[in-house]
Amino acid sequence: MTDEALKAYLMQHPPVVYEAKRGEHGDPLFCLANLNALYIAKNRLRDSEKVRVTLVEAPLSQQTNVAALFFALSAEACHALSPNDAGHYLAALWNELMAAQPALLMNVSERFSNKSTFCDAFALNRRIY
1 MTDEALKAYL
11 MQHPPVVYEA
21 KRGEHGDPLF
31 CLANLNALYI
41 AKNRLRDSEK
51 VRVTLVEAPL
61 SQQTNVAALF
71 FALSAEACHA
81 LSPNDAGHYL
91 AALWNELMAA
101 QPALLMNVSE
111 RFSNKSTFCD
121 AFALNRRIY
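The sequence shown begins at 1 in my numbering and counts up by one.
Don't read these hints as lab results, they were simulated from the structure.
Among these hints, one or two may not hold up.
What the hints assert, rightly or not - Here are the simulated lysine to any residue pairs, SDA-like style, with alpha carbons at most 25 Å apart: (1) Lys7 x Leu29; (2) Lys115 x Cys78; (3) Lys42 x Leu6; (4) Lys21 x Leu32; (5) Lys115 x Asn65; (6) Lys50 x Pro28.
As the list claims (entries may be wrong) - Taking CB as the label site, the calculated pair distances span: (7) Lys42 x Glu19: 11 to 21 Å; (8) Met106 x Arg44: 29 to 39 Å; (9) Asp85 x Thr54: 21 to 31 Å.
Keep in mind it's a predicted model, so treat the numbers as computed, not measured.
Beta carbons: idealized from backbone N, C-alpha and C, even for Gly.
With the hints as constraints, model all of the structure from the sequences given.
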């Protein structure tokens, strides 16, 4: 892809970051979502080029994984991947969030409140997942 096409992609899907104490490598920002966009920017753009990001409030340290899972599930639900291709992945995200913080699932969709309605939303066989 051309640099212009990559910049258009990055504008549409900016990395979602939060500000935290400086990490081991001196980075004050940590990527929570749209990690592919961050990798594209780091690998293809010059260090002097700036990339727009979406800055969110830092999650509690013990909730970082839950926040990342929430972003991943909401993105995949919106992208509506084929259940044949992504059923196990979607079910794994739902199971992890249900175990860690089930209230967040309702922030994605009211149909995610239990396994049966979640599977119905994606036309998944609940006995398999």
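Okay, the hints, checked on the actual structure:
1. Lys7 x Leu29: holds (20 Å)
2. Lys115 x Cys78: holds (18 Å)
3. Lys42 x Leu6: holds (12 Å)
4. Lys21 x Leu32: holds (15 Å)
5. Lys115 x Asn65: holds (21 Å)
6. Lys50 x Pro28: With a Cα-Cα distance of about 15 Å, the restraint between Lys50 and Pro28 holds, given a limit of 25 Å.
7. Lys42 x Glu19: 11 to 21 Å: The hint (11 to 21 Å, Cβ to Cβ) holds, given that Lys42 and Glu19 are roughly 18 Å apart.
8. Met106 x Arg44: 29 to 39 Å: Holds - the Cβ-Cβ distance for Met106 and Arg44, about 38 Å, lies within 29 to 39 Å.
9. Asp85 x Thr54: 21 to 31 Å: At roughly 27 Å between Cβ atoms, Thr54 and Asp85 fall inside 21 to 31 Å, so the hint holds.
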